[in-house]
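Chemist: What follows is the residue order along each chain.
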Amino acid sequence: MIRSLLLLLVLLSTSSMAISEEVQVAVAANFAVPLQKIAADFEKDTGHKAIISSGATGKFYAQIKSGAPFDVLLSADDTTTAKLEGESMTVAGSRFVYAIGKLALWSAKPGVVDDDGRILSTGRFSHLAVANPKTAPYGAAAIETMKNLGVLEKLSPRLVQGENIAQTQQFISTGNAELGFVALSQIQDNGKLANGSVWIVPAGLYSPIRQEAAVLAKGKGKAAVSALMDYLKSDKAKAVIKGFGYDLQG
Amino acid sequence: MSAIKLTLELASLTTILLLLIGTPIAWWLARTRSPFKGLIGAVVALPLVLPPTVLGFYMLVVMGPQGPIGYLTQMLGIGILPFTFPGLLVASVIYTMPFVVQPVQNAFEAMGERPVEAAATLRAGPWDTFFSVILPLAKPGFLTAAVLGFAHTVGEFGIVLMIGGNIPDKTRVVSVQIYDHVEAMEYTQAHWLSGGMVFFAFLVLFALYTFNNSAKGRGR
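Keeping their order, the protein sequence lines are chains Y and H. Counting along the first sequence from 1, when you hit position 7 you're at 7 in this note's numbering, and nothing is skipped either side. Count along the second sequence starting at 1, add 1000, and that's the number in this note's numbering.
Any given hint could be a false lead.
[Said to hold, decoys possible] SDA-like, lysine to any residue: derived pairs with alpha carbons at most 25 Å apart:
1) 1170(H) with 249(Y)
2) 233(Y) with 249(Y)
3) 83(Y) with 1190(H)
4) 65(Y) with 1170(H)
5) 59(Y) with 1137(H)
6) 109(Y) with 1198(H)
No lab work stands behind these hints, which were simulated from the structure alone.
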């Protein structure tokens, strides 16, 4: 009796091991929270588990080149994924745009940022936080926006740079910077602004932030990896992505 | 280049400030029989254990506009400390404190109470005692403290990243600049600066160990 029970147990555990797998995902800081939500559903629906590391896309590029054990990269841009593909570090043809990012000018205090972003040219504030434009696409978009509005030169003495978009948000939410440019996804959930005041920067003021996903060499041929890539394209995931204020491709 | 200059300035000022602030603390810790000795010793040693990002995050909160230090600095009319050089200095002093206090405290403890008592029987005043008796006896401890304090501030990264704001010429120190280069995939520049840091760190430690060994040799 006990022997057959044990046998059954062994059979069950090996069979479930064969079905469910783990996916190591490197995700850009701005998409970390949406991905956690999607990953919870993904786990429930498929039995696979997504293990998430979030950070700056540039850092992930360096780590991937040095053999980091990631299966999938959800980049904050489409240049890093293109670069990795050119270096044969990705599975050919696996790249796709999973979200188009929106830039927002945000203050943790209500009533600071107006609906038209006029505060950039008229407002009195001592610190405006942006993500490092050299390494973070949202930082580059922020600089582009200020350039197009003709206020960059005037504002540049007041700029403080976060290492990535999450740190930029920290500068603002602790009040050390009165306002700053963040990803809309960081301050919006289910289509609602969490707190403070915001100006959603019109898309014409900066080049679109096309965030691409790619399967990395380490993830090649894993069932869970292709399941996750498919899941990101599912209607369920798309609803979550939209709820965080991203646009979707076409 | 400005990052190197800024780093050296920050490290020098931090070391000088810490020798001034840390010496009385080390003296008190070495001599006291107060029940608070354990508490103060633990507080001083905290930065050895805490991740710099934890310290940096709390400093961002405490020195921010809603934090107690932030209230104080705003009341004094100097605004808030994050994103400024003085802000980096305050953070570095706190972060590097144990690296200066502990070697000096060890030197004071090793010295024992007899030299001070002997000086007192000879009617030396407290300042005279300090400069003619204590300081020479504790010299290796002070040297270790100064070198470690300086070198540790140069190597600091987590805190300056958290509260610095990465502003060129104001808060972008070498460690942050290296991180920037790596993230921007500018590996050549990253190599130059990183190589320089490795060389510098080795040189400092080599000099320190050589000196301490020869000092011990003379003592024997």
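Chemist: Work down the list of hints and note, for each, if the structure agrees.
Modeler: Hint-by-hint comparison with the structure:
| no. | hint | result |
| --- | --- | --- |
| 1 | 1170(H) with 249(Y) | violated (41 Å) |
| 2 | 233(Y) with 249(Y) | holds (10 Å) |
| 3 | 83(Y) with 1190(H) | holds (20 Å) |
| 4 | 65(Y) with 1170(H) | violated (32 Å) |
| 5 | 59(Y) with 1137(H) | violated (48 Å) |
| 6 | 109(Y) with 1198(H) | violated (44 Å) |
This entry does not satisfy hints 1, 4, 5 and 6, going by the numbered hints stated previously.
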